[in-house]
Amino acid sequence: MRSGDDAMDDAGSPVPNRASPAPTRVWDLPTRLFHWTLTALIVFSFTTAKIGGLWMDWHMRSGYAVLTLVLFRLLWGFAGSHYARFATFVRGPRKVLAYLTGRLDDTAGHNPLGALSVLALLAALLLQAGSGLFANDEIFTEGPLAKLVSGSTSSLLTSIHHRGEFVLYALVGLHLAAVVFYAVFKRQNLVSAMVRGDRVVDAQPARDDLALRVRALVLFGLCAGLTWYLVTL
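Position 55 of the sequence shown, counting from 1, maps to 62 under my numbering, and the rest follow consecutively.
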């Protein structure tokens with residue numbers, strides 16, 4: 008006698024129970040550390056900019072750290088684990104359209120639409136941190152590279168830096184909206200996945216061993232060294 012829980016196919020024959028997908032490592036440790044450190048630095052940068060005064064020194068230091076992290080993430084997009092690489096998740100317009108029209112399912116890592124968000128955020132942060140190096144409020148604070156350009160160029164980059172704040176507001180807002188959408192409508196906790204590194208998906212796990220983490224540390228050191236060189240010119 009069969010259990011009432013056994014599934015049946017169209018012919019009335021029993022179908023073996025299929026086990027649910029197990030938690031799979033998707034985000035390696037360097038990617039997760041990048042994500043949460045960058046999140047904290049963005050909040051800190053916004054806060055110190057609004058307070059102003061002596062806090063602008065910390066705002067600038069935070070900007071240097073953001074620049075280091077963004078440079079690292081760009082390198083990690085080529086040298087990281089499978090789901091961290093741009094080649095894995097960046098897709099062309101057809102794939103984005105297919106995803107928007109429901110003809111392409113979610114993947115273990117970033118979906119094609121999320122990939123655009125990642126690229127936009129990295130580009131905006133790179134422009135924001137880079138322009139901040141040349142910014143000058145003509146009163147109290149001057150970027151470390153402002154002395155290398157003309158006053159008009161510094162003023163232009165300062166304006167770009169100020170306006171870039173609103174671009175970041177929009178991009179961060181879209182990012183948060185996507186997290187809420189996945190939690191409410193797709194019942195997927197992306198925050199937890201980015202903390203633990205695992206998602207319940209039927210996919211090949213990403214590499215996340217000691218050698219990979221050492222590679223990340225070396226690349227981060229190179230990026231930190233480049234940032235230090237720029238701010239001490």
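Keep in mind that a hint or two might mislead.
[What the hints assert, rightly or not] Restraint-style ranges between C-beta atoms, simulated for each label pair:
| id | residue 1 | residue 2 | range |
| --- | --- | --- | --- |
| 1 | Arg68 | Leu181 | 23 to 29 Å |
| 2 | Val186 | Ser162 | 20 to 26 Å |
| 3 | Ser199 | Thr239 | 26 to 32 Å |
| 4 | Met63 | Ala185 | 29 to 35 Å |
| 5 | Asp112 | Ala86 | 26 to 32 Å |
| 6 | Glu145 | Ile58 | 32 to 38 Å |
| 7 | Val186 | Leu36 | 32 to 38 Å |
| 8 | Val225 | Thr108 | 18 to 24 Å |
| 9 | Leu81 | Ala190 | 15 to 21 Å |
| 10 | Ser159 | Thr108 | 28 to 34 Å |
| 11 | Lys57 | Gly158 | 21 to 27 Å |
It should be emphasised that the hints constitute simulated quantities derived from the structure, not laboratory data.
Source: prediction; values computed, not measured.
Backbone N, C-alpha and C define an ideal beta-carbon position, used for all residues, glycine too.
Here is what the structure says about each hint:
1. Arg68 - Leu181: 23 to 29 Å: Given about 27 Å between the Cβ atoms, the range holds.
2. Val186 - Ser162: 20 to 26 Å: Violated - the Cβ-Cβ distance for Val186 and Ser162, about 37 Å, lies outside 20 to 26 Å.
3. Ser199 - Thr239: 26 to 32 Å: violated, 40 Å
4. Met63 - Ala185: 29 to 35 Å: holds, 32 Å
5. Asp112 - Ala86: 26 to 32 Å: holds, 28 Å
6. Glu145 - Ile58: 32 to 38 Å: violated, 19 Å
7. Val186 - Leu36: 32 to 38 Å: violated, 20 Å
8. Val225 - Thr108: 18 to 24 Å: violated, 42 Å
9. Leu81 - Ala190: 15 to 21 Å: Given range 15 to 21 Å: violated, Cβ gap about 29 Å.
10. Ser159 - Thr108: 28 to 34 Å: Since the Cβ atoms of Ser159 and Thr108 sit about 47 Å apart, the hinted range of 28 to 34 Å is violated.
11. Lys57 - Gly158: 21 to 27 Å: Between Lys57 and Gly158, where Cβ atoms are some 26 Å apart, the hint holds.
Of the numbered hints stated above, those contradicted by the structure are hints 2, 3, 6, 7, 8, 9, 10, listed in ascending order.
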